[in-house]
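Using the sequences plus the hints, can you model the full thing?
Residue numbers (our numbering), protein chains in the order written: chain A, -14 to 336; chain B, -14 to 336; chain C, -14 to 336; chain D, -14 to 336.
FYI, nobody ran anything at the bench for these hints, they're computed from the structure.
Hints are all accurate, no fakes.
Simulated restraints, written as ranges between beta carbons of each label pair:
#1 D146/A / V269/B: 35 to 45 Å
#2 N206/C / T315/D: 48 to 58 Å
#3 N206/B / H93/D: 43 to 53 Å
#4 P91/D / A301/C: 14 to 24 Å
#5 L110/A / A107/C: 50 to 60 Å
What the simulated footprint calls covered on chain A by chain B, stretch by stretch (three residues with Cβ under 8 Å from a Cβ of chain B suffice, anywhere in the stretch; the number is not a length):
#6 59 to 70
#7 102 to 114
#8 294 to 302
No residue lacks a Cβ here, since even glycine has one placed at the ideal position from N, Cα and C.
Chain by chain, the residues:
Number of protein chains: 4
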Amino acid sequence: MLSFENDYSEGAHPRILARIAAANMDQYPGYGSDEVCESAKARIRGACGDEDAEIFFLVGGTQTNQIVIDAMTAEYEGVVAVETGHVNVHEAGAIEATGRKVLALPAHDGKMDADELDAYCAAFLADANRDHMVWPGIVYVSHPTEYGTLYTKAELEAISDVCRRRGIPLFVDGARLGYGLTARGTDVTLEDLARLADVFYIGGTKVGALMGEAVVFTHRNMPKHFLTIVKRHGALLAKGFLLGLQFDELFTDDLYTRIARNANVQADRIRAALAAGGYEMPLVNATNQIFVTLPNARYAQLSRRVRLSFWERADASHTTVRIATSWATTDEHVDRLVALLRDTLTADDLL
Amino acid sequence: MLSFENDYSEGAHPRILARIAAANMDQYPGYGSDEVCESAKARIRGACGDEDAEIFFLVGGTQTNQIVIDAMTAEYEGVVAVETGHVNVHEAGAIEATGRKVLALPAHDGKMDADELDAYCAAFLADANRDHMVWPGIVYVSHPTEYGTLYTKAELEAISDVCRRRGIPLFVDGARLGYGLTARGTDVTLEDLARLADVFYIGGTKVGALMGEAVVFTHRNMPKHFLTIVKRHGALLAKGFLLGLQFDELFTDDLYTRIARNANVQADRIRAALAAGGYEMPLVNATNQIFVTLPNARYAQLSRRVRLSFWERADASHTTVRIATSWATTDEHVDRLVALLRDTLTADDLL
Amino acid sequence: MLSFENDYSEGAHPRILARIAAANMDQYPGYGSDEVCESAKARIRGACGDEDAEIFFLVGGTQTNQIVIDAMTAEYEGVVAVETGHVNVHEAGAIEATGRKVLALPAHDGKMDADELDAYCAAFLADANRDHMVWPGIVYVSHPTEYGTLYTKAELEAISDVCRRRGIPLFVDGARLGYGLTARGTDVTLEDLARLADVFYIGGTKVGALMGEAVVFTHRNMPKHFLTIVKRHGALLAKGFLLGLQFDELFTDDLYTRIARNANVQADRIRAALAAGGYEMPLVNATNQIFVTLPNARYAQLSRRVRLSFWERADASHTTVRIATSWATTDEHVDRLVALLRDTLTADDLL
Amino acid sequence: MLSFENDYSEGAHPRILARIAAANMDQYPGYGSDEVCESAKARIRGACGDEDAEIFFLVGGTQTNQIVIDAMTAEYEGVVAVETGHVNVHEAGAIEATGRKVLALPAHDGKMDADELDAYCAAFLADANRDHMVWPGIVYVSHPTEYGTLYTKAELEAISDVCRRRGIPLFVDGARLGYGLTARGTDVTLEDLARLADVFYIGGTKVGALMGEAVVFTHRNMPKHFLTIVKRHGALLAKGFLLGLQFDELFTDDLYTRIARNANVQADRIRAALAAGGYEMPLVNATNQIFVTLPNARYAQLSRRVRLSFWERADASHTTVRIATSWATTDEHVDRLVALLRDTLTADDLL
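Have a look at this one:
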């Protein structure tokens, strides 16, 4: 069945598979201590314009959020995130599992407001009971956010500025970073992230790799003994070279951004079809996640022909769903979806 | 200096001290496995009207909240509490330290609404992503709340009813329970709590004991090997008999409720003085915590003569403070406070 | 450089890569909820002769150990393992990271003795202080062990019998299970494991897969909400179908055991060469790990031509190293190693 | 019934009780931020001869061990202790509950050997797999040990020297410190501990206080935000002044050492009686814990008249028990015990 359920439905970009296959019987030392990982790191440092960046490859996003937040905070500290942030809602308590509280700020279309962050920190420090509270120890934002929205460079600079004034590291979840960097109208580059964040990651799982996230610690601030910390979390991949091979390939000839752009282009085609069809879109962004609110019967009808993601109940008779494109989305798939969206409800659908 | 800073400023009711002194050179086995603890438990079971209740004595409130919530939930579960709940704000992450997330609901004068709780659970179960989220595993309410407010019996029954329909245990934080049970107009009794909650505690630290909280597991639901769990948390008191002696005394001749009532009576006197003086009280309750919003200069003036608790900044020029009475508050202390509250600001105060 | 450093130096068996490539643009639902995972699980159930077995695919071994031990024990329990067990020594504290203590028994060539296990449990229960101690909550053994040794069926039955009499689940780490099942002289089958263990895993990472471990819960004892528990550990692979594809292929036409056998055959060739060369082997087994004690100069010489694994310092002038073969080891590689082992030290080597 | 079961069977030294009673209706600020705590700290700094020492009062020993070890180690580190150490055996996994592994060294009458510690650290650093292992992050010794034995000054200096050369803090558990400092023949003083340890505690619970341990961080190395860390562990006593009052009194006029000495003197009387009676003492020390191996029938007989502590089964027909004296042990109690020890078994006892 046709699927726009998420951006991790397919395997990997063919160049990634070819690269793995070509190296298949080469022998690599374990745990990422190999030359291809070094090569991939060098390419990423180059792309970030940060020769001091320290890079570590992990397998998945929740894993990365858990480990980075744990390793970069003291036990009396927590992570400040917006209430809709992945770490606050959709990680099954992975952050709390390592003893860290999520300190939730209001979300604005999925984004954090720098002034609200600053006010939160100021109020915390002014609170006479602060020693009985969880200290803000790291700031977490997603780019793109869980709603596909993007920070402008000015917005990120404002957040980064608050963090630096207050001595709190800024962590950017880039699970879908490729789609953010290549969106229409964005002014945020990889170099900007490397300049403004203290740690961020470049998502591979959702952008062309089989799996893998490249964590970039800027300004030489990788926690001491980070490999041991990763092992302690059960997250150290024995065949680390598999991650190295993939990121080495993704950062050769701009593969990462080129394949990411496709998702946004295809999403724009779907957005156009939705707009033309008079569909209700509660929030519009320029990346690969499209949110549309459907009458329940319409949702049921579509679900028989295409897999979409349940997002939330809008009201008793409407459901908001997510349509996700990816590096792998083809013109033909979009054509089929657009055709389905044009179909009207039939009596049969209402059964 | 005169203090209305909190309800744990003094030692213990004289009868408690006398009881400890009388037993001082008796020899007790360790860790609460003594006869006086058994006697205290029997008295509490009687007062609760629940002959099956299992009781464990702990030292402090945050400790109790941490251990009960940890022990009564699975690792994939969290605790539902209002956003102003002690476990969510003022325990320095003690709940998260044992790997549990606080799932925050709106607070209404510090209280949880049963319908909102039910709606939260319903929405959770209806969410297609629920397996990636923290399951509601226990419900936490405080009685009195952190704002000194009280649930009515009907409100507690409604919450208990939601919990039982949904198979989620109800935990009542009774750190100030004595003040709640003896408040003007309350219709909630200890028997009601034992009937409606799955676990609750009777606060001693703030109600006449040197320290100690009596955790009551109703319906035979004390977690297996609870003593070992307490030890693992570093919370098992070697001289458990000290807790037994205190609760045995508190539950002899109604000492617990008799001394608790004093706090509410004295608080009413202060509330009357505040009302007469035209002070702004953002929230009025019938227990031992009084909240009053003062111009900052007035707050500074009073702070030179009496210790009050900072609660929160009301606005740039006003501060909300808490005045707390207790079992130990004397007429004379209240007279002095009332006199201070009548004083007008002098030029000297504004320096 | 030639490597016998470990059994995870290469990618995957070509059939595995081909299977992934063939399915690359198919669209799968996330997190292992796909048909290919179901197919793989059915094949594994068949191979185990246990139609009730519940199976979950994870990425790596330490991750699996951490999650299984955490999920199958209460917080007052720990894991009983031999002192040389992977969970006790080489997981960087991953077990303790989730709050579980490793209760170490003596190791006999890496193996646990059933009588010692029984005596440990008996002594624990007879200890008047047991409520202040960590309860034995799960028993962990590796098959093959960290020393490549194997339990006989009678030995496993004896351990399983102790576990069942005492109500403690038995967990078998099968990270190298393929090499154990196909070793000369073993009488332990997959069906035996499914019968004797309460949970075990079939290692893919070291036996032909890119990565992946198939956790088999026998007797319907997968912990409730296990997927959420895995997510909470940051260990839920978005593209779960990648694990399904690999295990579906490994359990088609006995691929798993056929490729595993190669490692043992090649190891036997190396063992023969070592014996012929008069090398000191502190421990001999029938699986893919060979331990040999070398004069330090000889170790240094060999290390310039082949990658071996440091195991431990034998004494001031000798080092014990590990030679590991795998599904990927070729005749040619073994020929080269055997030739190197025949070389004598030259003056140059002693520089 | 007469009890020599432990050193926490009675309440507190009368001067402690009197001090608490005298201050009972004074009003103190919460959480140890009061003047009497400051006074107690000043007295302890004086007694330690370390004007820079930072002191924090906690309630119990396991709690203290858990918090200090957690707060003074990174997550990739563990605690090195002898296998018989309290943290390794009798804390129900409290250390692991906060994610730290106990790295066990051999015990020599309960003591750690400096050379073995050094060799352990050296072997760890020389191990090529060390990044996959738990790093030694703090060294824990008890003085007196769990067997009542004492380090000599030279032994402590040797351990401290290893720790400083290797950059690992030394933590001394002084739950029974008073009995160690006042033992016959010891050359270790409080000043020595303050000089040699990085953190240690002065036990109050077992030496005259109702409860309480004074944690002394020497060399200004109290972890940042330690109060918040304590709160996060659920261990911050609301009425911190109760601990301050007790330690202020214990460190007035040498009360602490004077009352401690009594325990050792009384223990010597019992040891003399045991020796005279031909009892088997598997280990002899100069402090307040006496270990004696009894025929089981004799143990059963004595248990009907005096409470002793089960220690371990010596063999099928013998049990090793512990006799503990304390600050509270009276001449009369010892006389009664000595008389009991002189009694011979009667036929009745063998029933």
